[in-house]
Each structure stands twice: as structure tokens, then as C-alpha cells.
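Participant: If you want the building blocks of each chain, they are given just below.
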Amino acid sequence: MMTRPEWMAALARATADEIAAELAAMPPLPAHRTIRGPEIGLTMLRGRAGGDGAAFNLGEATITRCSVTIAGGTLGHCWRLGRDRRAAELAAVLDACLQQPDWHEVLLNAVVTPLHRRQQAAAALTARRAAATEVRFATLATMR
Amino acid sequence: MYVAVKGGEAAIEAAHAWLAERRRGDESLPALTPEQIEQQLGLAVDRVMAEGSCHDRGLAALAIQQARGDLIEAAFLLRAYRNTLSRFAACEPVDTGAMRVQRRISATYKDLPGGQVLGPTFDYTHRLLDFALAAEGHAPQEAEAAHTTMPRVTELLAREGLMARDAPDDGTPPPDLTREPLPFPTPRALRLQSLARGDEGFLLGLGYSTQRGYGNAHPFVAELRMGEVEVMLAPAELGFAISIGDITVTECQMVNQFAGSAETPPQFTRGYGLAMGHGERRAMAMALVDRALMASELGEEITAPAQNAEFVLLHADNVEATGFVEHLKLPHHVDFQSELEKIRSIRARWEQQA
Numbered sequence: 000m001m002t003r004p005e006w007m008a009a010l011a012r013a014t015a016d017e018i019a020a021e022l023a024a025m026p027p028l029p030a031h032r033t034i035r036g037p038e039i040g041l042t043m044l045r046g047r048a049g050g051d052g053a054a055f056n057l058g059e060a061t062i063t064r065c066s067v068t069i070a071g072g073t074l075g076h077c078w079r080l081g082r083d084r085r086a087a088e089l090a091a092v093l094d095a096c097l098q099q100p101d102w103h104e105v106l107l108n109a110v111v112t113p114l115h116r117r118q119q120a121a122a123a124l125t126a127r128r129a130a131a132t133e134v135r136f137a138t139l140a141t142m143r
Numbered sequence: 000m001y002v003a004v005k006g007g008e009a010a011i012e013a014a015h016a017w018l019a020e021r022r023r024g025d026e027s028l029p030a031l032t033p034e035q036i037e038q039q040l041g042l043a044v045d046r047v048m049a050e051g052s053c054h055d056r057g058l059a060a061l062a063i064q065q066a067r068g069d070l071i072e073a074a075f076l077l078r079a080y081r082n083t084l085s086r087f088a089a090c091e092p093v094d095t096g097a098m099r100v101q102r103r104i105s106a107t108y109k110d111l112p113g114g115q116v117l118g119p120t121f122d123y124t125h126r127l128l129d130f131a132l133a134a135e136g137h138a139p140q141e142a143e144a145a146h147t148t149m150p151r152v153t154e155l156l157a158r159e160g161l162m163a164r165d166a167p168d169d170g171t172p173p174p175d176l177t178r179e180p181l182p183f184p185t186p187r188a189l190r191l192q193s194l195a196r197g198d199e200g201f202l203l204g205l206g207y208s209t210q211r212g213y214g215n216a217h218p219f220v221a222e223l224r225m226g227e228v229e230v231m232l233a234p235a236e237l238g239f240a241i242s243i244g245d246i247t248v249t250e251c252q253m254v255n256q257f258a259g260s261a262e263t264p265p266q267f268t269r270g271y272g273l274a275m276g277h278g279e280r281r282a283m284a285m286a287l288v289d290r291a292l293m294a295s296e297l298g299e300e301i302t303a304p305a306q307n308a309e310f311v312l313l314h315a316d317n318v319e320a321t322g323f324v325e326h327l328k329l330p331h332h333v334d335f336q337s338e339l340e341k342i343r344s345i346r347a348r349w350e351q352q353a
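Read top to bottom, the protein sequences are chains C and B.
With numbering that gives the first Met the number 0, the residue at position 21 of the first sequence is 20, and numbering never jumps.
With numbering that gives the first Met the number 0, the residue at position 115 of the second sequence is 114, and numbering never jumps.
Bear in mind the hints are in silico, worked out from the structure with no lab data behind them.
One should not assume that every hint holds.
Per label pair, the in silico range of CB-to-CB distance [stated by the list, open to error]:
#1 B:Leu42 to C:Ala23: 47 to 55 Å
#2 B:Leu117 to C:Asp16: 32 to 40 Å
#3 B:Pro150 to C:Leu124: 42 to 50 Å
#4 B:Thr107 to C:Leu124: 24 to 32 Å
These figures come from a predicted structure and were not determined experimentally.
Glycine included, C-beta positions come from ideal geometry on N, C-alpha and C.
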């Protein structure tokens, strides 16, 4: 079971082409109307002094957001780093549809889960590459 | 004195046409794409993002290409583009403790929870030019990932009471130097923001000066880590925070010698560095200068340039610095005319007296 923040996070990390590829075999999504965007702007990234202290502004990042409505009035939103307008609109439509009982499960299984799995696999590959560079100290005690 | 003078349009047009030809270089060679720069000159891209103070790898790569590889000019282009966008919202502070670590080393402890992870580093390379570079492809190795947590080294020391803790977050939004002028004395949050976008070379020179005796520093790298952190943002229309993507950051915790007072026992102090992308030199230099700038708070005598917040913070920004230095190239014909008249009249008087 996936929560709304979880599917929004997975969609925010997928490119427009990746989402479109997963949607290709699906029946067409319901018609939507954009109520905001997709528009590109900035967000201020923040860090913490010492990593865990008071917040400070690190610098800005480009961001794209989109809000849509589908038949019945359900709203869908997307906020994502970068400037991929098409991905933001697709993700907002999917966010609206995923809140509909008749679309929820099929979209989760056919679109979001494959995207999420690929993202997890990429992260796992990075972790395995990092693990290969972990130092194994050979001290005198262990060499003896 | 500034006087509007017309003319030069044709010369400027011809100069820019030549610039475009120089940018492209020998047309018998394939043209670079911004995607190639983003992938293959990634550390230059990271530096331009940090100094342009705008995280967008694709834009930074385009800026590098447009600037013919002049990274300060590229940072300038990125800042200018940033000014055309509106800010939608601020993010929540990134949690570097939960970083998906690609590199993590400590110079203070050999064995530490989570281990020493070298990652993709230049360290231990021979610094010999590799003429086979273009031909070779090395597949990265893989090993079973342990998924252990990597506690901060500074936290290990703080738990023992040996390390001063940073002031906790009180929930107020941090001040922003892009919205208000820098005040003096400068709060830590603004110092860190200013250093995070400062010129790497300037910060490196200042950091180096603290090691050489200009300021009393005896630093250790408690921890240097690089990897991806999740960016969280809470849009007003949702009412909860969502994860909007991941960014790579480099963090440096630099441990320094002791402070103490009548109320607190002697403790290590620390400087902090955080850089967009993979920027170890930047993060380390930032941490050294951050610590040096704590001099007045720690009751240290201010004797060195790196301890002087006005000197450091007002000269760290290379876009500002290049603007003021390079404006000297613009016509100062009238100013100089007045200087000429002045020196001629002074000399006339001097010759009369002689």
C-alpha cells in the first residue's frame, strides 16, 4: 500500500518520458483542466548549521509545479525539482486519478510501482558501488 | 561621472559574432552539447551551481558552454537567469544525517560506525596525466551494501560532552541575504549562506591562511560526506510535506581547538561547510572560514583577515567582485579627463615653484 506522499515522491523523480512510457499501455486517463501551471520557479534550499542546528539558506533550486482538476472536481498536484513541465502536468493528473477509487489500484500497479522500483534499484546500485570503496583496515592485530 | 554617448553598435555586433565563432571552435570537430558537459564535466557544473546559487545541473552546463568554460561568467549567467523566476516556496532543511552516502571519511577516527567510504575520489590517484583516458572505460565495482546508519562524528563527540553543540533550531525562518542587505555583526545563518555561494578560490585562500597562522586554527576533518539528500517542501494547498526530489550535497565538519569559560568546561569547537553537488574543497574551505568567523563569539582576539566578517563576507561573492573589477573596462573617458586636468594643473604649479 502506498500513501499519497509516497506516490507523489515517486512521480516527482520520474521524467516525462518515463511516465509516458508506463502510461502507453493504459487506457486514456480522464480529461483534465490545469488550474495552475505547469510553471517554473524557484525554491530556497536549506541546510542546518553543523548538520543538526539552526536552519540557514543554502541557495535556490529550480522547481516546477502544476495543479489540475479532473471530472468530479478532484484536484491533483505536483511539485518537483527541475524544469520538466510535461512531467509536472502528467504527475499532477496522475495524482488526481490516484485519489479516485476506480483508478487507484490500476495506476499504482501499472505506473507508480514500476517507477518506484526503478528508483530504488538505482539507489541500491549507488549503495553497492559505495560499499565497494569502503576501507578494510589491515591492522597489525588482524594481520598476525 | 557618467555621460551617455552613442556609438559602437556595429563594433559590438562584430565582437559578439567573433565570440560565437570562438565559442564553437574548430568546426571540423563535433560540437559539445550541454548534456555532455553535465555528464562529463560534472564538478565544473557543481561549482557553477554553488556560486550561481541555483541548483539546476542542466542550466549550469548550458551556462558553462555559453561562457566558453569561464566558470565565474557561467555563475553570473545562472544568477541572471535566477532573477527572472519567482520563488514559490522555501524547502525544509535537508537532513544530511539521512544522506544516501557515496563518500564519507573521517580523519579523526579510523574505525567509526558506518565505516570509511572513499567514493569516487581523486585522493590516492597519482596525479599523472593519463594519455589513455579517452580510450579506457572502467566499470565501477560493487559490493554488498550494509545499510548501516552513519552517525555524525561530531555527534559522537557531543554525546561525550567534548564538542560544543550548535544552537538548536527555534523554528523561525532563517534570514536571507538575497532579500535584505548583510548586517554587521552578521548572524551565523547569513554567514553560512554567504559562504555557501562564495568564490571557491577566495574561500580556499582564506581557509589556507588560517592554517598558516593567520588566525589560530588547528583543524581536523571530523567528517566529510557526499551523497544524495531528499528535498522536502510543504505546499500550502496540501498542508503536508512532500518529497520533491533529491540533490547531491557535500558536507564537512571541521573540528577545532578548545573553548571554555567559567560556566562551560573546555570543549572542541567546530566549523561547518555545506556545498551543492560534489565540492569537497569548497565544503572544507567553508568550514575553516566558518570557524574563523566565530572568533568574536568565542572571545578570541581578531587578528587575521579570515576572522573579519566584513572583509570575508563582502568580498567572497565572485559575481559581485567580477562586476566591480570588470566595470573598470567600461569607458571612464570623462572621469579620466578630469584626472588629467588635475595633474596638469598640479604640475604647472610645481613647475612655477621650481
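Participant: Next step is simple, just say for each hint if it's right about the structure.
Facilitator: Status of the hints after comparison with the structure:
1. B:Leu42 to C:Ala23: 47 to 55 Å: Violated: the Cβ-Cβ distance is about 37 Å, outside 47 to 55 Å.
2. B:Leu117 to C:Asp16: 32 to 40 Å: Since leucine 117 (chain B) and aspartate 16 (chain C) have Cβ atoms about 34 Å apart, the given range 32 to 40 Å holds.
3. B:Pro150 to C:Leu124: 42 to 50 Å: 24 Å, violated
4. B:Thr107 to C:Leu124: 24 to 32 Å: 30 Å, holds
Hint compliance for this structure: hints 1, 3 are broken, all remaining hints hold.
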